[in-house]
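Chains as they are written, first to last, in the numbering used here: chain A, 92 to 493; chain B, 92 to 493.
Rather than coming from a laboratory, the hints here were simulated on the basis of the structure. Nothing false has been slipped in among the hints.
Pairs of lysine-lysine, PhoX-like flavour, derived with a Cα cap of 25 Å:
(1) 289/A <-> 125/B
(2) 201/A <-> 172/A
(3) 350/A <-> 201/B
(4) 289/B <-> 125/A
(5) 336/A <-> 253/A
Listed below are the residues making up each chain.
There are 2 protein chains.
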Amino acid sequence: MSQHGALENLVVLDLTRVLAGPFCTMMLADMGAKVIKIEMPVSGDDTRAYPPFRTNCNGERESLYFANINRNKQGITLNLKAQEGKEIFKKLVETADIVVENYRPGVMDKLGLGYDVLKEINPRIIYGSVSGFGNTGPYRLRPGYDILGQAMGGLMAITGSKGGEPTRAGSAMGDILGGLHLTIGLLAAINARSITGKGQRVDISLMDSVIAATENTAIKYLESGIIPPRMGNRYAAVSPYDGFKVQDGTIIIACGNQKLYEKLCTEVLDRPDMITDPRFSDMEGRLANQDDIRDVIEEKLADLTMDEAVSFILSKGIPAGPIYDISQILADPQVKEREMFVEQEHPTLGHMTVNGCAIKLDDTVPSVRTPAPALGQDNDAVLRRLGLGEGEIDALRAGGVI
Amino acid sequence: MSQHGALENLVVLDLTRVLAGPFCTMMLADMGAKVIKIEMPVSGDDTRAYPPFRTNCNGERESLYFANINRNKQGITLNLKAQEGKEIFKKLVETADIVVENYRPGVMDKLGLGYDVLKEINPRIIYGSVSGFGNTGPYRLRPGYDILGQAMGGLMAITGSKGGEPTRAGSAMGDILGGLHLTIGLLAAINARSITGKGQRVDISLMDSVIAATENTAIKYLESGIIPPRMGNRYAAVSPYDGFKVQDGTIIIACGNQKLYEKLCTEVLDRPDMITDPRFSDMEGRLANQDDIRDVIEEKLADLTMDEAVSFILSKGIPAGPIYDISQILADPQVKEREMFVEQEHPTLGHMTVNGCAIKLDDTVPSVRTPAPALGQDNDAVLRRLGLGEGEIDALRAGGVI
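The shape of chain A in the complex, shown without the other chains (with noise of 0.2 Å):
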């Protein structure tokens, strides 16, 4: 195991805020890059502000949504309105590797620092966006949140129960989809630049990433006329592969082909009969029927915890799993094991509990160093090496510039 980062060679210029943009960056971070976080002086990134709250040290209320999603990243205030502030932005760029911004595009133009300013100054900088539509077509100026993305990526419209409404998923999706491109693309940059010397720029949309993620709809409506319905957890061309209640929750039972099918009928449900039942003996008829089947199933397993129906359905070979809350995930072996939460210490919230980082690298592993910055932390740090002096970063202290 090494103790380098996988993108330990990379300067990033953090400009984003809230979620998909910093959620990009947060993994940069985990991995190793050395990610700036550039926040308005005063008020700073508006997740500062966000739920959950922790009264901290100093008897001020302060974020854990921040502070989770910002660690590992250094922190400066930086007022881009200001002439000194744009200065001391294009002086930064001139080492860095990568600028991120989720603003509104057209935003970072207006400021005299779009991507065709930045290129000029440093031809090596790669320059990502992440926004609600994009940098081009009829909707760029739209704002973007990621309900609207989830909503018009036409995730909502598959999502929820039979006969339903159209439901958002319940974490920020749209969001998390787009940090995730967002990160592929410069990353794809990155080795794009090893070979052409030369930067680009990455363009994300929220809209387009949640487009993507739903992976064979178009095809599926396209061929047959037929705009996919909401059906619940269940499956267009697979049963069961569905929820089925037991004592204490809810858990997954998927029988992806007949093998698997003729299993549980025999080793779980007792019932070889279902086998040849011509309402269920082949895949058409059990989609057909589906609720006969779930009937069977729930009564069969109505006694069982989750923990033994899961344990007792995988112990015959057929996939099976719990529906798990937060509590329960915390507590699961696989997820301890797996370094999906971390303790971190914060010098002034104290001891709390961190997302892990989900990409696994054997050699450069990923990992939590250093908790979110406060604000304008690293100001002093970062100014000093680009030249600055004492009584200079004083005076943009006292003009508001930082």
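We have chain A; now place chain B onto it with these hints.
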């Protein structure tokens, strides 16, 4: 605009099947990597037998699912259980950059083709895998399905209507998230290799990937002790931020702050009294009385179409958008401008539409170039490049190795 893809220097040996792995290698191929998809002789990838189907030019039923997600890839067949198959695979590893597989953990080791063997052949090889639970931990050998990742990763528990059942995201979101995390891990490892000179192993789990996508759920629960409930399309901290019924469908209105709410009251609802009404005057009140606000909004918009309502609300500077189904997405001008669906000629399926790439790079532009491979179509070309002669290739074919 360059004609070269961002990853054109990379050769990927792709052993993946179904969705999570092929979605990853699709992105790599869209960005120019030379992806050689390796399938079992005769049967091939399971999804060659997945709907939707089209009767092809030979009068056979052929899968559009497979064709969509495997465009831009070359295809060879290779029986990795046969000694000659193993030898050919090892020879391919000598000059490849990346091996990707989504078998259950242990399968490649049992074949004698695990990472420990491959890195002896080529220390620069990067070995990526995606499985239900990853390569470590007590569940590593459990069967992994998308729905199990969604269930055990906690996405289902927070998705669904208020008081309703846990709900699966309507696409295979566990597989998609796994494929995205895998792609990031592989590209990070490529960057690390440029520093260390050697490859490493990337180990992605669907469950981990889903946990990461539930963002702050754990932080919220740990601080409050409250398991986040399902709440349909609403958001715990902001209101109105929900779906609202109009004449011909449902639209989203997202008032992220007090100013947007007040604008909604005066300019959309003609109800300035709702600004000062103590039930709605602050966010807390609005969260407690969401149903009342919804009734006012829906009454006001009842006679408008989705298009009319969205245009009207956007014109007032308030974030809004339609809940689109796939037919509306395909017709949308923004989606067309962003090229999220691309027309392609397939040699046996004819004219078809495939998904575009959501990763927009402005110099090394991702593209859809070649159709998905027929089973084994590139056997001769690839084996000849390894130095095999016509007779040897015929013998491999006769022996069922390719």
